[in-house]
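**Q** Keeping their order, the protein sequence lines are chains A and B. Residue 1 is where the first sequence starts when you use the working numbering, and the numbers rise one by one after that. Residue 1 is where the second sequence starts when you use the working numbering, and the numbers rise one by one after that.
Certain hints may be false.
[Said to hold, decoys possible] Every beta carbon over 12 Å from chain B, so not counted as near; a handful from chain A, in silico:
1) Ile-18
2) Phe-92
3) Leu-94
4) Lys-109
5) Pro-115
6) Arg-119
[Said to hold, decoys possible] Here are the computed lysine-lysine pairs in the PhoX-like style, where the Cα-Cα straight-line distance is at most 20 Å:
7) B/Lys-244 / B/Lys-185
8) B/Lys-388 / B/Lys-284
9) B/Lys-394 / A/Lys-109
10) A/Lys-109 / B/Lys-387
11) B/Lys-284 / B/Lys-244
12) B/Lys-241 / B/Lys-284
13) B/Lys-388 / A/Lys-109
14) A/Lys-210 / A/Lys-248
15) B/Lys-388 / B/Lys-188
No lab work stands behind these hints, which were simulated from the structure alone. These figures come from a predicted structure and were not determined experimentally. All C-beta atoms in this analysis are idealised placements derived from N, C-alpha and C, irrespective of residue type, glycine included.
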Amino acid sequence: MDELNIRKNLRFFIVYFIFLFINLLIVYFYSFNIYTQKFYIDLLFVLIILSFFKFLGFSSFHFLLYIFSLLVIGLLFIIFRRVIFSNKLSYFLLYSFVLLFLLYIYEEKIEIKIPDKRRKKVYLNLVVVFSLIVIFVFGIVNFSETKLLVYSTFLKDKYFREITPTAREDGIYESDMLISVDIPKNYSTVSGVFHIGGWAIDRCKLEGSKIDGVFVYLYSSPLSGGKFIKRAIYGGRREDVAKIYGEKFVNCGYDAWVDMSSFDNGFYTFYICFHSRYFGVEYRKLELFVKN
Amino acid sequence: MREGDEKFVYNIFKRNINLLVIIIIFIIICCGYIITLPVFEAPDEPGHFLYAFYISKYNRIPSYYEEPVSEIDYIKENIDKDTNAVFYMDEKYMFYKWPWTNNRYSSQRHHPPLYYLISSQIIKPFKVNDIYIEDNYENFREPGVYNSFINNKILEDWSPTIKLVLSLRLFQILYGIGIIIFLFKIIKLITGDKLKDNSIFLISSVAFLPQFVFLCSYINNDLPAALFGLISVYFSVLLFKREKIYFGVLSILFAIIASLTKLNLLIMIPIAVVTFFVWLILEKKTLQILLLFSILLLGAVAIFYIFFRLELSSTYFEKYFIPVIRGTILKFRDNFSLDRYKASVLIAFKSSVAFFGWMNIPVHNFVYYFYLAFIISGILLFFSNVKKFRNNYKILAFISVTIVLIFIFFSVYMVYSGYTQHMGRVIFLAVILVFLLAILGYLNLKNSFRRLFCYGIFSYFVLINLFCLYNYIFKSYY
Numbered sequence: 001m002d003e004l005n006i007r008k009n010l011r012f013f014i015v016y017f018i019f020l021f022i023n024l025l026i027v028y029f030y031s032f033n034i035y036t037q038k039f040y041i042d043l044l045f046v047l048i049i050l051s052f053f054k055f056l057g058f059s060s061f062h063f064l065l066y067i068f069s070l071l072v073i074g075l076l077f078i079i080f081r082r083v084i085f086s087n088k089l090s091y092f093l094l095y096s097f098v099l100l101f102l103l104y105i106y107e108e109k110i111e112i113k114i115p116d117k118r119r120k121k122v123y124l125n126l127v128v129v130f131s132l133i134v135i136f137v138f139g140i141v142n143f144s145e146t147k148l149l150v151y152s153t154f155l156k157d158k159y160f161r162e163i164t165p166t167a168r169e170d171g172i173y174e175s176d177m178l179i180s181v182d183i184p185k186n187y188s189t190v191s192g193v194f195h196i197g198g199w200a201i202d203r204c205k206l207e208g209s210k211i212d213g214v215f216v217y218l219y220s221s222p223l224s225g226g227k228f229i230k231r232a233i234y235g236g237r238r239e240d241v242a243k244i245y246g247e248k249f250v251n252c253g254y255d256a257w258v259d260m261s262s263f264d265n266g267f268y269t270f271y272i273c274f275h276s277r278y279f280g281v282e283y284r285k286l287e288l289f290v291k292n
Numbered sequence: 001m002r003e004g005d006e007k008f009v010y011n012i013f014k015r016n017i018n019l020l021v022i023i024i025i026f027i028i029i030c031c032g033y034i035i036t037l038p039v040f041e042a043p044d045e046p047g048h049f050l051y052a053f054y055i056s057k058y059n060r061i062p063s064y065y066e067e068p069v070s071e072i073d074y075i076k077e078n079i080d081k082d083t084n085a086v087f088y089m090d091e092k093y094m095f096y097k098w099p100w101t102n103n104r105y106s107s108q109r110h111h112p113p114l115y116y117l118i119s120s121q122i123i124k125p126f127k128v129n130d131i132y133i134e135d136n137y138e139n140f141r142e143p144g145v146y147n148s149f150i151n152n153k154i155l156e157d158w159s160p161t162i163k164l165v166l167s168l169r170l171f172q173i174l175y176g177i178g179i180i181i182f183l184f185k186i187i188k189l190i191t192g193d194k195l196k197d198n199s200i201f202l203i204s205s206v207a208f209l210p211q212f213v214f215l216c217s218y219i220n221n222d223l224p225a226a227l228f229g230l231i232s233v234y235f236s237v238l239l240f241k242r243e244k245i246y247f248g249v250l251s252i253l254f255a256i257i258a259s260l261t262k263l264n265l266l267i268m269i270p271i272a273v274v275t276f277f278v279w280l281i282l283e284k285k286t287l288q289i290l291l292l293f294s295i296l297l298l299g300a301v302a303i304f305y306i307f308f309r310l311e312l313s314s315t316y317f318e319k320y321f322i323p324v325i326r327g328t329i330l331k332f333r334d335n336f337s338l339d340r341y342k343a344s345v346l347i348a349f350k351s352s353v354a355f356f357g358w359m360n361i362p363v364h365n366f367v368y369y370f371y372l373a374f375i376i377s378g379i380l381l382f383f384s385n386v387k388k389f390r391n392n393y394k395i396l397a398f399i400s401v402t403i404v405l406i407f408i409f410f411s412v413y414m415v416y417s418g419y420t421q422h423m424g425r426v427i428f429l430a431v432i433l434v435f436l437l438a439i440l441g442y443l444n445l446k447n448s449f450r451r452l453f454c455y456g457i458f459s460y461f462v463l464i465n466l467f468c469l470y471n472y473i474f475k476s477y478y
């Protein structure tokens, strides 16, 4: 078995560990960064690995080993509660997996037709081209400004989730939660310990219905594995709300002080979740720039 | 059971020991969830359970028409203030919505009754007359609280209700195993000897699909519907392969059974019928075409006659069927947008491959992208080697058309009911068939590559499922 005879192939292991190390570095640094959603960085990196593998004479079989190690590392991230890293790694995984089988098909059907001498040159050129693209992307494009511009103009309405369940006419059993996040404003910049505040009421006519908890989550909604930050203090006095909706809703304010001083600067998504006694969880998305 | 059926099952496992390994691990994982999941924690479990319980108790199908009259008074009289639970002793109140259950614990009376008829026969021997329903909701949603199995006193209060629920849940595993075996048999029919030894491990991609494990762990009719749909597909494949006319009839029969289990598989009936017709036309069997046509015509007339004669039918049509169609048309006219549609289809697909139902296990993204990559690569390989399937063009065309039609049918349904995360269940049969195509693709890999790939994939699926089970039982992410 030539392919399985990797013990002798020390070169493969060296390259393998170097790329794995770089891959993990990228995952580590870019998970908290606002560039996270730039999919082409991940794609380019995978393409560079692939062309380098081919340049050194490795096949898709070797790349399969690389992917399995990514799978195991992703699982380890999840086990040790580093969901954000595993999420980032999943993009690498997607591109690597699909490109692996494209490579497999290429090896099976096309590569045989290319003469041996030419192959190395082609792969080397590919490595250079992809590396140049990476340098260009990192050097020229100013990500943070672009991102800010995009978020504050085009995506603002799309990203801010507005769901206020409405009561039907006979709606005794319908959820009727009214929620407001007053401060901070969406897409604003915060630093250190900051205050999240607003009000929430459950107007359902059912006896005993109320909002019995307000929780702050980071990165994602609770059902999708968001990180629980803290429980807000609910029951603050809000005369202004009571004036409009009735005196019984006077204690409907909530406050939470969130400490972001230990986090890196960047773009963060908070999920403020409101738990109604009978009707489950509603949430509001709050997207903020943290600048300590 | 026919004589020799035990031998048939024995033969499957004797020749394919790896399939047995997959099924044993699958049973262990499902049992883990079944035992630890608090009763009625799953979103619509109480609705399904009450439907079956109603039939077992009163020996008749509940009417869709019953409306709550003085529910509030009833609850006020019967609510236990400390435990927030209500005893439902009275038939009249059995299907009323409970105060805490709006949206989450919806009634399931709109479903066709086949699944519930089977379930009612399973729970009948327990001879339970009164059930007790406890509100688990607040316990498990609170952040920082472990799952209810640890906190609650389910094992201490081994009430009759829990016995019934567990017996029905355990029965779900049988449907699950049925799906695995029929998937195996379809692939075997198409590829013959290619699916043996380590290649069988590719089936673990479906067996350990999070959504599949989720459906096998609580009471629902999606799983049996998918099983009957898959059996219908199996007989259609057999029809093309063995060319015996009764396979076509069986295919139509199982399509009818599938749609009697859940209405969203109604699309399987025209698929099975048209497939049969196409086969008859290709084989030039004029007499049989005429015979089948007349049987279908008579059958349709008989069904409509029976349906309109039943008292239930008018209320069913008024309250459910007509509003669904009218609502779909209106919503399509007023609210339809391509962006929303695309987002919903994506969400449905995501939920069908990588959503652990209501369970809060934060591997969704990772598992989803992995499965996505698995499917894309498999289908790429499938198309690159499509010439190797030249003997099975008709079968593959049939499977592809079935996938597309289920997606289209689902789209109509989705426009009516809107955006939801749990929509994956509705297209589950189509997802199984997509996986089937992907597996066919992977079977064309070279030997050494395939061996490593199959073992790797299998061990990874097992690992991630065991990890999720461990997390669900002992940890909490809230």
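**Q** It remains to establish, for every hint, whether it holds in the given structure.
**A** Consistency of the hints with the structure:
1. Ile-18: holds, 22 Å
2. Phe-92: violated, 9 Å
3. Leu-94: violated, 4 Å
4. Lys-109: violated, 7 Å
5. Pro-115: At about 23 Å from chain B, A/Pro-115 clears the 12 Å cut-off, so the statement holds.
6. Arg-119: Label holds. Min Cβ-Cβ 20 Å, cutoff 12 Å.
7. B/Lys-244 / B/Lys-185: Measuring from Cα to Cα gives roughly 17 Å; hence the hint holds.
8. B/Lys-388 / B/Lys-284: violated, 27 Å
9. B/Lys-394 / A/Lys-109: Violated, because 26 Å separates the two Cα atoms, which is more than 20 Å.
10. A/Lys-109 / B/Lys-387: holds, 13 Å
11. B/Lys-284 / B/Lys-244: Measuring from Cα to Cα gives roughly 14 Å; hence the hint holds.
12. B/Lys-241 / B/Lys-284: Cα-Cα ~16 Å, so holds.
13. B/Lys-388 / A/Lys-109: holds, 14 Å
14. A/Lys-210 / A/Lys-248: The given pair, whose Cα atoms are some 11 Å apart, holds under the 20 Å limit.
15. B/Lys-388 / B/Lys-188: holds, 15 Å
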